[in-house]
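Using the hints, position chain B against chain A.
Letter by letter, the chains look like this.
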Amino acid sequence: MPKIIVEVMLKPEILDPQGQAVAAALPRLGFTFAQSVRQGKRFEIEVAGEPTPAMLADAERAAEEFLANTVIESFVVKVEQ
Amino acid sequence: MALDTVANAAATPDFELPFAQLGLKEDEYAKIREILGRRPTGSELAMYSVMWSEHCSYKSSKVHLKQFGEKAVKSDALLVGIGENAGVVDIGQGYAVTFKAESHNHPSFVEPYQGAATGIGGIVRDILTMGARPIAVMDPLRFGAADAPDTRRVLPGVVAGIGGYGNCLGLPNIGGEIVFDETYAGNPLVNALCVGVMRHEDIKLAQAHGAGNLVVLYGAKTGGDGIGGASILASETFNTAKPTKRPAVQVGDPFAEKVLIECSLEIFAEDLVVGIQDLGAAGISCATTELASAGTGGMNVQLEKVPLRDPSLSPEEILMSESQERMCAIVEPSKLARFMAICKKWDVTATVIGEVTSGDRLHITHNGELIVDVPPRTVAHDGPVLTRPMARPEYLDSLTPTSLAPIESAADIKAAVLKLMSAPNIADKSWVTKQFDHYVQGNTILSQPEDSGMIRIDEKTHLGIAISTDANARWSYLDPYNGVKLALLESCRNIATSGAKPLAITNCLNFGSPEDPGVMWTFAETVRGLADICLEMGLPVTGGNVSFYNQTGKVAILPTPVVGVLGVIEDVRTRSAMSFKEAGLELFQLGNADDNFSGSEWAHLHGQMGDRAPTPDVDHETRLVKVLLAGQKYFAAAHDISNGGLAATLSEMVIKSGIGATISIPGEVVPGGLTGALFAETPGRVVIAVKTDNVAAVERIATDLNIPMHTLGVTGGDALVINGASIPLAELSAAYTETFPRLFG
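Residue numbers (the working numbering), protein chains in the order written: chain A, 1 to 81; chain B, 1 to 745.
Keep in mind the hints are simulated off the structure, nothing from the lab. Where a beta carbon is used, it is the ideal one built from N, C-alpha and C, also for glycine. Hints are not guaranteed to be accurate.
[Stated by the list, open to error] Covered stretches of chain A, going by a simulated chain B footprint (3 or more residues, C-beta under 8 angstroms):
{"#": "1", "region": "2–15"}
{"#": "2", "region": "62–75"}
[What the hints assert, rightly or not] Beyond 12 angstroms from chain B on every Cβ pair, some chain A residues (computed):
{"#": "3", "residue": "F43"}
{"#": "4", "residue": "V47"}
{"#": "5", "residue": "T52"}
{"#": "6", "residue": "K78"}
{"#": "7", "residue": "E80"}
{"#": "8", "residue": "Q81"}
Next comes chain A alone, as it looks inside the complex (with noise of 0.2 angstroms):
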C-alpha cells in the first residue's frame, strides 16, 4: 500500500544537539564511520487507495503548519509505494 511520507529535519545551520550525541557515541561503540549526524523525524501516512494530489497538498499543508515547525525544521512530502 502506498504511504505519504512527511521528513522532517532541523534546517542544517540549527543545532542539532540530539545528531550531536549520537555522533559522539558512535566511535565511544566502536562505528568509526560517521563524521557527523544529524536526526529528524519521519511521519507515515496511509491513506485510502492511492494518494491523490489534492492529498499531497494537505499533507503539504498539515507539514507547514503542524507536523514541522518551519521556523527551525524543513520537511518534504513523498510517496513511498
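Chain B in isolation, oriented as in the chain A frame:
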C-alpha cells in the same frame, strides 16, 4: 568579491555597504566612518551594527538610566555594581550573591520553546560569568488574553522551554509571575532571572588585562544561529552564492550548558582566568570588544581559529553568531595547559583564538588578512546616545474612574469570590509551575505560589536568601512614576512577608517603541520613579535590562517594569509560609484598605481600568516591613495582599491549607465598604495568622510601629465563610484550579 579586508576598505572608500538593512542610521554610519577614518569593512560594520543596536547599546535609555548612578544608594552590601554582567551583593558570612533579570521577549514569540529556553541559558551564563554557581531561576511572564488562540501557541511553548532548559540544568525554578492582558498579544514578555552564589574572593570580572595573555573561546562550536542581520552582509553584498538566509532563532543545548557551568566553576576554583565573558547577544563581537575595552584595550584575534559547526560561515557571520553555550576567557600563558586539561576533562572544546596586546586596538584577522581594526571602546561603549522626544501620552487625560456595583448579599459575595478566583490572572498556576523543578539541589525553602522564592545558602548556619519579582503594569499605565514605586514596595513586602530583609534590587523594564514619544515619556517616568524609590528605601540597584519595541503597530504593551528584590534571612527555619496548618488560629489584616479599584483585577473583570494608581506610602511600607520582620517568630502564616485583594489572599491561604476560615468584616470601617475591603488592591497590607497566645505580642509590635491591625476571623472548618457567605473549600478550590487545565490542558 571575496574577503573585505581593511586594506580593501581603504582602497574602495565609495563602496556601498548595506548599513540601513543592518539597522544603522545614516548619521551612525557617518560616525563609524569618522571613528575609523575610512569606510568600515563588512566585518567591522557587522560589529558596530549589532553593538550599536538598541538591545546592546541602550541608546534610547542611557540618558535616563544614568539616574541610577546619580541617585545611587551608599550601600556596603554592594560588591559589584551596574555595568558588569550582573551586580554582586554581600549577604554576610563571606557569601556574595549575584542576580539579574533579562528579557527574551521577541525570540519567544517567534519560537516559544527555544526562545524561552535560550533566555534561561543566557541569564544563567551571565551569573556564571561573575564567578558564581547558579542556584535558582525565576520567570516573570506576560501573555495576551488567556483565551486567545495565539496564547495557546505561545504559553505552552514558553513554559515547556523554561522547564526543558532549567530542569536539564538542575536549577530550581522558585517563582515568577504569569499575567494576561490583551496588549501582550503579539508581544509576550518572557523575562528570566537567575541568582548565583560564591565566596567574596571568587568574584570574576569581564576584563582583558596583561599583554601576552591569551584569549580562549570555550564551549559549543559556532554555528549560524541568530545572525539574520549579518547574513544580509554576507549573502547579499559579498558573496551572492550563499544558499539560505540564516535564521534569527537560536537553539540551545542545556546539557552542553550544564557541562560548561561545571567546567567553568572548576577553572574558577583553580584561579586560572584573568577575566571572563559569556557570549550572548552579538557573540564574539560583544565578548572581544567588551573584554578589551574594560582591560588595557588591545587585542588580536585570529578568526579562522574559531571552531565552527557550519564551515560555510563568513567572517561577518562568525562575529555576529549568537550560538549558545559559549564563553570567552583571558588566560595567562602559564596557566593555559591546566585550563585546557580541565576543558578536556569535561569534554568542552577550547581554543586559543588570540591574545591581549599592549596596544589600544582590536585587530581581527582571517587567514592572515586584517578584517577588523577598531578601537574596542568605540564599539562597546561609545555607541550613539539618543535623547528621544518625550510627551505625556494623551490617554492619561481621558481616564475614567471605576464604577462598580457594591456587593452586599451573601450570594453576591460567594459568586464574586468564585468569579475572581477562577480568573486567569488569579487562578492556580500549578499547571505551569509543576512543569518546573522546584526542589532540585535540595535547598529550596519556598517556591511558587509563596510570596517569594527562598533558597538556603549554608546548610550549617541556615543562612538563606529570598527573591521576589513584581510588576503592576496597570498601575504603571495609570501612573508610570508611582506604578514602579508600588511594584518595588510590593516586592519588598513579599520578601519581608516570608521573613527576609530586603537588600538589593534588579530590574527588567519592558516597554513599547522608544520612537513613540508617549512610550518614551512613560519609560522616563518609570526610571525616575524607580531611582527615587530605591533611594527612599535605601536599596542599591545592582543592574538591569531594558526591552523596547514590545509593540505591534500602534499598540504598545502596558508599561511593564519588572522589579526583582533580593532579601537575606539569617535562619531559613524561621521563615513564614503563606498558609497556616491548623484550626483555631486568629487572622488579622495589617494595614488599611481604601476604595480605589483602579487597576485592580476586580475592575479588569468588569472591563474597567480606572483613573489613578494608589499613592505609594513609603513610610507605612517601611514600618510594615519592620513589623513583619519583628513579628515573624509569632506568625503561623503571613501572606501579602496584592492582585485580587483580600478576597484572593484569604482564598489562596485556605485552599493551600485545606482548612477553612470564618471571616467577619465590618463594612463601615472601610471607605469602599465590603467590596473595597475584599476586592480593592490597596497596597501596604498583609494577612497574618497568629496563635491566640501570641496575639498580644504581635499587637504590641504593630502598635509600637504604628501599623493598624484589624481582626478578620479564625481558621477552621471546611469552608471560607465571609460575612455569612459560606464557600465550601471544594467549590472554591475547583474554581481556582480548573482554569488553566481548561485553557491549556
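Status of each hint after checking the structure:
Coverage of the region 2–15 of chain A by chain B holds [criterion: at least 3 residues with CB-CB distance below 8 angstroms; count 6]. Remark: the region 62–75 of chain A is confirmed as covered by chain B, as 3 of its residues place a Cβ nearer than 8 angstroms to a Cβ of that chain, reaching the required three. The beta carbon of F43 of chain A is kept farther than 12 angstroms from every beta carbon of chain B, the shortest such distance being approximately 20 angstroms. For V47 of chain A, the non-interface assignment is confirmed: its Cβ lies about 28 angstroms from the closest Cβ of chain B, beyond the 12 angstroms cut-off.
No Cβ of chain B comes within 12 angstroms of the Cβ of T52 of chain A; the nearest lies about 30 angstroms off, and the non-interface call holds. At roughly 21 angstroms, the least C-beta separation between K78 of chain A and chain B is larger than 12 angstroms, which holds for a residue marked as non-interface. No Cβ of chain B comes within 12 angstroms of the Cβ of E80 of chain A; the nearest lies about 27 angstroms off, and the non-interface call holds. Distance check on Q81 of chain A: its Cβ is at least 31 angstroms (rounded) from any Cβ of chain B, clearing the 12 angstroms threshold; non-interface status holds.
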